[in-house]
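Trainee: The residues making up each chain are set out below.
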Amino acid sequence: MRLDYPANIKIIRVPCTGKVDLMYLLSAIQKGADGVYVVGCLEGSCHYKQGNFMARQRVQQARALLEEVGLEGDRVRMYNLSSGEGPTFAAYAKEMTEHIKALGPNPLKNRMEHPAKA
Amino acid sequence: MIVAKRKPFEEIKHFLKGYKKVLNVGCGTCVAVCLAGGEKEVSVLNAELDMARKIDDNPIEISGITIERQCDREYLEVLDAKVGEYEALLSMACGAGIQFLAERYPNIPVFPAVDTTFIGVNQAVGWYEERCRSCSSCVLGQTGGICPVTLCAKGLYNGPCGGTNKGSCEIDSNQPCAWYMIYERLKGQGRLECILEITPANDWQNQTPRTVIQPGYSKPETAGK
Chain V
1 MRLDYPANIK IIRVPCTGKV DLMYLLSAIQ KGADGVYVVG CLEGSCHYKQ GNFMARQRVQ
61 QARALLEEVG LEGDRVRMYN LSSGEGPTFA AYAKEMTEHI KALGPNPLKN RMEHPAKA
Chain Y
1 MIVAKRKPFE EIKHFLKGYK KVLNVGCGTC VAVCLAGGEK EVSVLNAELD MARKIDDNPI
61 EISGITIERQ CDREYLEVLD AKVGEYEALL SMACGAGIQF LAERYPNIPV FPAVDTTFIG
121 VNQAVGWYEE RCRSCSSCVL GQTGGICPVT LCAKGLYNGP CGGTNKGSCE IDSNQPCAWY
181 MIYERLKGQG RLECILEITP ANDWQNQTPR TVIQPGYSKP ETAGK
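Which chain is which? The protein sequence lines are V and Y, in order.
Per the numbering used here, the very first residue in the first sequence carries number 1; after that it's consecutive.
Per the numbering used here, the very first residue in the second sequence carries number 1; after that it's consecutive.
Because the hints were derived from the structure by calculation, they are not lab data.
Owing to the predicted nature of the structure, the values given are computational and were not obtained by experimental measurement.
Fair warning: there could be bad hints in the mix.
Once the Cα atoms are required to be at most 30 Å apart in a straight line, the calculated DSS-like pairs of lysine-lysine come out as [claimed, not checked]:
| no. | chain 1 | residue 1 | chain 2 | residue 2 |
| --- | --- | --- | --- | --- |
| 1 | V | LYS109 | Y | LYS17 |
| 2 | V | LYS109 | Y | LYS40 |
| 3 | Y | LYS21 | Y | LYS7 |
| 4 | Y | LYS40 | Y | LYS82 |
| 5 | Y | LYS21 | Y | LYS5 |
| 6 | Y | LYS17 | V | LYS49 |
| 7 | Y | LYS5 | Y | LYS154 |
| 8 | Y | LYS7 | V | LYS19 |
| 9 | V | LYS94 | Y | LYS5 |
| 10 | V | LYS31 | Y | LYS5 |
| 11 | V | LYS19 | V | LYS31 |
| 12 | V | LYS31 | Y | LYS154 |
| 13 | Y | LYS21 | V | LYS109 |
| 14 | V | LYS109 | Y | LYS154 |
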């Protein structure tokens with residue numbers, strides 16, 4: 001297909017979105033990522049039955065926690081598509097990039113002297 | 001198990017306002033099982049505090065450690081060598097654990113990160129319900145295994161009261177009447193006579209902090225030392 005999607009996106013592969021822990025999402029933002037999104041299978045099509053539903057809950061929790069600390073919860077999002085939807089993947093990548101660009105850079109980026117050790 | 005709920009973030013943040021180096025101590029037993037104060041919750045809270053304080057331009061150096069139990073001296077010991085480096089401690093244990101931690105390190109401020117809520121059961125992941133008020137006078141033998149102190153709005157040892165309403169409690173139609181449930185349970189077991197046994201009122205007003213020493217054990221002379 002040779003589709004283009006924004007080069008600023010770094011893909012982290014997981015076996016299933018059910019593997020995406022809340023701390024993965026928070027750490028990404030804590031370490032300065034401007035945004036993070038989870039791309040899961042279509043709801044109802046999870047090979048492990050509930051993985052993408054768990055991911056959705058964790059994304060919602062991460063959004064709520066970020067709002068709590070004073071960051072935009074909308075820096076974390078979840079998208080769903082099937083593995084056959086390459087063009088949709090590229091479209092979501094573009095949509096997320098534009099959305100994050102509109103939000104501006106992560107305000108933590110310039111304040112990174114004291115990383116958490118836990 | 002003891003069930004706790006994390007305190008609102010703003011409250012925790014307020015406790016730590018004046019401190020720059022803090023150790024967050026999780027507990028690996030009850031509060032870990034009820035997803036309030038175990039290793040993962042320590043990591044999440046630390047990440048939140050780290051981010052929030054950076055945003056406020058008042059960074060905090062926050063570390064985390066989760067010990068097996070904060071209500072047990074032998075597990076607290078591992079902290080002895082560490083706590084000296086910190087200005088304050090945050091504890092995600094239940095009220096008992098927090099107090100035991102504070103008792104061991106009386107010169108360091110200890111702040112609670114959770115509200116200890118009740119002794120309860122795990123209905124499903126993340127869903128807990130209260131079942132015991134630790135009244136020290138268990139009547140479950142006569143009540144078909146249903147606790148009226150916890151589940152009856154009035155905590156009646158002898159019931160039901162006049163407010164029972166077709167299986168519901170007078171405080172709310174969605175709240176089942178504990179004594180109705182007890183009646184049904186005993187009836188099913190053919191033990192309805194149990195409901196007629198009168199249980200003397202508990203002497204709540206004389207309840208002082210309780211101590212239990214199990215049979216075969218005694219309070220060591222070195223206790224608390």
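Trainee: Each hint should be assessed against the structure and marked as holding or not.
Mentor: Verification of the supplied hints:
1. V:LYS109 x Y:LYS17: holds, 22 Å
2. V:LYS109 x Y:LYS40: Holds, because 24 Å separates the two Cα atoms, which is no more than 30 Å.
3. Y:LYS21 x Y:LYS7: holds, 20 Å
4. Y:LYS40 x Y:LYS82: With Cα atoms ~20 Å apart, Y:LYS40 and Y:LYS82 stay inside 30 Å; holds.
5. Y:LYS21 x Y:LYS5: Within the cut-off at roughly 24 Å; holds.
6. Y:LYS17 x V:LYS49: With Cα atoms ~44 Å apart, Y:LYS17 and V:LYS49 exceed 30 Å; violated.
7. Y:LYS5 x Y:LYS154: holds, 24 Å
8. Y:LYS7 x V:LYS19: holds, 27 Å
9. V:LYS94 x Y:LYS5: violated, 39 Å
10. V:LYS31 x Y:LYS5: holds, 27 Å
11. V:LYS19 x V:LYS31: Roughly 20 Å separates the two Cα atoms, so the pair holds.
12. V:LYS31 x Y:LYS154: violated, 51 Å
13. Y:LYS21 x V:LYS109: holds, 21 Å
14. V:LYS109 x Y:LYS154: violated, 55 Å
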